[in-house]
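A.B. asks: Now for the letters of each chain:
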Amino acid sequence: MTKTNPGNFFEDFFLGQEIVHATPRTVTEGDVSLYTALYGFRHMPHSAEPYAMGLGFEAMPLDDMLAFHMVFGKTVPDVSLNAVANLGYAVGRFGAPVYAGDTLRTTSTVIGLKENSNGKTGVVYVNSIGINQKDEVVLDYVRWVMVKKKDLNAPTPDTIIPDLPKAVDVDDLVIAEGLDFSSYDVELAGSPHLWEDYQIGEKIDHIDGMTIEEAEHQMATRLYQNTAKVHFDQFAAKDNRFGKRLIYGGHIISLARALSFNGLGNAFKVAAINAGAHANPTFAGNTIFAWSEVLDKQEIKGRSDMGALRLRLVATKDHPADDFPYKDDEGKYHPDVVLDLDYWVLMPRRG
Amino acid sequence: MTKTNPGNFFEDFFLGQEIVHATPRTVTEGDVSLYTALYGFRHMPHSAEPYAMGLGFEAMPLDDMLAFHMVFGKTVPDVSLNAVANLGYAVGRFGAPVYAGDTLRTTSTVIGLKENSNGKTGVVYVNSIGINQKDEVVLDYVRWVMVKKKDLNAPTPDTIIPDLPKAVDVDDLVIAEGLDFSSYDVELAGSPHLWEDYQIGEKIDHIDGMTIEEAEHQMATRLYQNTAKVHFDQFAAKDNRFGKRLIYGGHIISLARALSFNGLGNAFKVAAINAGAHANPTFAGNTIFAWSEVLDKQEIKGRSDMGALRLRLVATKDHPADDFPYKDDEGKYHPDVVLDLDYWVLMPRRG
Amino acid sequence: MTKTNPGNFFEDFFLGQEIVHATPRTVTEGDVSLYTALYGFRHMPHSAEPYAMGLGFEAMPLDDMLAFHMVFGKTVPDVSLNAVANLGYAVGRFGAPVYAGDTLRTTSTVIGLKENSNGKTGVVYVNSIGINQKDEVVLDYVRWVMVKKKDLNAPTPDTIIPDLPKAVDVDDLVIAEGLDFSSYDVELAGSPHLWEDYQIGEKIDHIDGMTIEEAEHQMATRLYQNTAKVHFDQFAAKDNRFGKRLIYGGHIISLARALSFNGLGNAFKVAAINAGAHANPTFAGNTIFAWSEVLDKQEIKGRSDMGALRLRLVATKDHPADDFPYKDDEGKYHPDVVLDLDYWVLMPRRG
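Residue numbers (this note's numbering), protein chains in the order written: chain A, 1 to 351; chain B, 1 to 351; chain C, 1 to 351.
Just so you know, the hints here were simulated from the structure itself, not pulled from any lab data.
Please read all numbers here as calculations on a predicted model, not as lab measurements.
Watch out, some of these pointers could steer you wrong.
Identical chains blur together in the list; that is why a pair holds if it fits in one copy or across any two.
[What the hints assert, rightly or not] Mimicking PhoX-like on lysine-lysine, the simulated pairs with C-alpha atoms at most 20 Å apart in a straight line are: (1) Lys149 with Lys114; (2) Lys244 with Lys229; (3) Lys149 with Lys327.
Please put together the full structure from these sequences, using the hints given.
C.D. replies: Shown next, in the form of structure tokens:
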């Protein structure tokens with residue numbers, strides 16, 4: 001028997017299956033520095049400890065998407081090593097803030113299965129939970145991936161498609177105990193625009209572009225201990241249909257989030273991921289641009305220091321976002337669109 | 001109104017204007033590791049904590065130029081987002097040592113203005129001050145940049161050009177309390193040459209060359225939260241006159257400083273920046289070489305453990321420095337010269 | 001006299017010579033993050049502090065090969081700046097675990113000399129010892145390099161070739177006090193295969209490939225403060241016989257070790273390096289693959305929580321390792337083989 005990890009194939013998954021993923025990860029200030037170097041994040045509470053603590057954080061919290069990548073990376077060897085496509089995300093809720101020194105681990109439960117009519121692949125739905133060393137949930141989300149069958153004669157499981165809401169309800173957003181954004185310093189944060197200033201339907205072109213290098217996305221993806229082969233092996237990639245290494249979709253999420261600082265400088269706290277799609281592949285050499293749309297705007301019950309904004313974040317490649325490229329009349333993504341992310345942020349408000 | 005940062009144009013600046021720059025930054029050991037990885041610094045007091053503490057530092061101090069980049073980066077969104085050229089630096093004095101865990105912020109005051117005769121641009125002089133969480137000054141310097149006018153009909157301000165000394169006086173160099181270099185270990189530092197061994201007029205070819213990759217300068221520049229677009233966006237750069245991304249001038253300063261270890265291995269403490277010019281642009285693929293000249297040599301009043309050396313550090317691209325390329329008879333820089341930095345270091349002496 | 005480091009030439013070495021290498025290095029969490037980002041290491045005890053402490057480590061130890069690079073890097077300016085080739089390693093024993101915050105320094109003793117018959121070069125054998133701030137030995141190893149003579153008329157020294165064992169005896173492996181692997185968690189570690197499961201003669205293809213970028217190996221090599229010029233200077237390299245920068249051999253060791261996780265996921269503790277050869281040069285753009293062979297398997301006296309495995313780790317370039325490429329009938333390495341490393345690991349056992 002081989003000692004290398006073959007990964008799971010579609011027929012290896014069953015409903016209710018619980019997977020304890022390997023390699024718990026102690027996150028450190030070193031990870032934060034690399035994250036800054038890879039994307040250029042500038043949200044004050046993730047950059048300056050005293051100001052973060054002034055908002056009620058215990059220390060300088062990691063950017064939520066960095067926590068996402070760490071939690072997500074652990075699922076790859078078990079869930080998506082034989083994946084054909086990463087199809088979507090839903091009901092992702094961030095919980096306890098993650099601080100340097102925390103140790104994260106991830107477990108997943110299979111909550112849905114659907115074999116494709118070709119009999120060669122199937123869709124697996126997993127609910128993954130990231131937990132810290134105090135057993136607090138830091139992230140709870142669903143993703144579904146299309147996975148190959150190995151044994152084409154393996155029996156077809158009953159089709160179970162979980163009923164997933166289009167968005168997390170604003171009342172279900174987790175606000176860590178002790179947080180109070182009322183002393184938020186707009187000047188030091190670098191943007192005067194608070195929750196009150198954003199309107200539903202408003203679109204923002206984030207203007208700036210960033211070109212991705214092979215070394216950058218490889219270093220990022222390895223930092224997250226994401227082992228998907230397509231990101232690292234040019235010898236194999238030269239024979240794929242692109243002839244190139246594919247970039248981890250999460251790298252684009254973080255890049256687009258960093259670009260969105262320019263226009264959403266106070267949207268530092270991601271509270272939930274409602275939905276996400278990697279609309280088209282990206283490669284080294286692509287320049288990423290981004291635009292956002294305000295999809296919803298909600299008060300948080302009993303609080304005047306912060307409000308919730310539901311945002312669509314769209315990233316493009318080699319296509320400045322001033323024309324807000326998205327989908328055509330038939331609902332098909334513009335070929336230059338590479339990311340469509342629907343998420344909630346908590347933003348300081350004037351009160 | 002756009003929510004993205006348009007930056008300031010020449011007509012937005014006025015004499016005496018005070019700017020509180022955004023994004024205070026807690027610097028960490030992670031930043032130090034990246035700095036080592038990006039440049040290869042080997043000065044002992046920035047590499048080995050016990051030996052740094054033996055010299056009277058509270059902990060292992062950051063390389064002064066890393067502190068410079070952190071302080072400088074914050075000024076970009078307000079001062080130089082619409083800059084045509086970064087014209088010069090003067091009277092930069094380093095103050096309190098910067099340690100991992102410190103939180104730095106920057107404020108600037110406009111101290112000079114001069115509209116150019118073309119009416120399309122003007123020169124802005126700012127005095128920027130970097131401060132730590134104890135309100136100690138870590139760096140105080142002047143730079144001037146040429147900035148575009150947006151409204152060509154905006155009134156021309158009175159011309160005020162600040163009177164800037166050619167160099168910081170040696171008596172004005174800041175020596176942090178408690179520092180005592182008398183136990184400096186030459187063997188562990190890797191260079192036997194101390195203050196006494198350098199002579200005014202002496203030139204040193206630092207021999208080694210380092211080739212710059214796109215991923216490296218992009219990661220460095222983002223680490224410093226420097227947002228100047230020209231460093232990151234190849235999609236836009238393909239249409240500029242070089243067809244390439246420009247490298248942040250500060251990246252060259254650090255690279256040349258790291259190269260200068262070979263010949264100036266004990267010049268670990270930068271005390272002041274007297275003047276600096278980015279003589280020509282650099283691009284990924286360029287190999288950087290460096291040479292130094294001793295411009296001045298001064299005792300420090302009342303001290304036998306250290307002396308001051310005023311150095312000229314010249315960096316070149318794709319041109320080994322053994323012929324000490326600099327300026328032609330008309331004072332024009334050799335086209336391969338990319339940096340001309342005039343600075344003071346404190347160096348251990350035999351006593 | 002030049003102030004730059006000319007390095008030592010063959011005639012500068014003498015038997016019994018002791019060299020105190022420069023630049024002690026405080027290793028940090030930042031170094032660990034970069035190491036993860038550069039190679040993708042996933043061994044649990046180097047990734048998750050609580051689990052490492054559960055095995056008896058004082059904190060999360062650095063990967064042994066990261067410690068090796070830090071210790072090795074210091075020897076370059078004195079030992080191998082004028083090296084023609086890095087010929088081999090022997091009797092490398094790892095001692096005290098290295099933790100973030102430790103300060104490492106290195107000393108070497110010349111233990112062998114042999115001038116080559118051409119009179120232009122000679123082989124220098126050095127025993128290098130890495131020591132932490134508590135004066136504990138963290139690594140003790142021998143390497144030999146071929147070094148140029150500068151003065152071809154310098155006298156030929158007596159030939160002394162040290163008697164080096166082919167492998168470290170299992171009884172001489174250092175097991176740090178307090179270590180107890182009996183609570184090792186296979187599930188969280190990501191591999192079910194323990195010491196009992198490996199058989200002498202067993203070969204494992206580690207399957208995955210990783211393509212190296214210039215920025216990656218340059219950053220790694222600078223992180224280790226390894227100053228060998230051939231890794232950094234493309235301006236000079238364009239005229240060498242490859243036309244390219246050569247990659248530090250240690251970069252390949254770490255890359256191959258990281259790849260070997262897939263099949264040897266519990267081989268986290270390197271106890272000794274028996275022998276090593278950099279069989280062929282590697283360059284940016286090469287994709288590295290790896291395979292291992294179990295050379296020996298030994299119990300550790302008095303312990304049921306761990307056993308020793310002696311492994312051969314072979315790395316290849318642009319050549320998947322499923323055919324286990326190695327040497328031809330005449331003992332010559334396959335041209336695609338770039339590393340041949342013989343080493344001992346301590347692996348948890350079932351008891």
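A.B. asks: Could you run down the list of hints and mark each one as holding or not?
C.D. replies: Now for the hints, and whether the structure bears them out:
Only within a single protomer do Lys149 and Lys114 lie at most 20 Å apart by alpha-carbon distance; the minimum there is 12 Å, versus 61 Å between protomers. With identical chains, the CA atoms of Lys244 and Lys229 are at most 20 Å apart within one copy only, with a shortest distance of 12 Å there and 27 Å across copies. Proximity of Lys149 and Lys327 under a CA criterion of 20 Å is satisfied in neither setting, with 31 Å inside one chain copy and 38 Å between copies.
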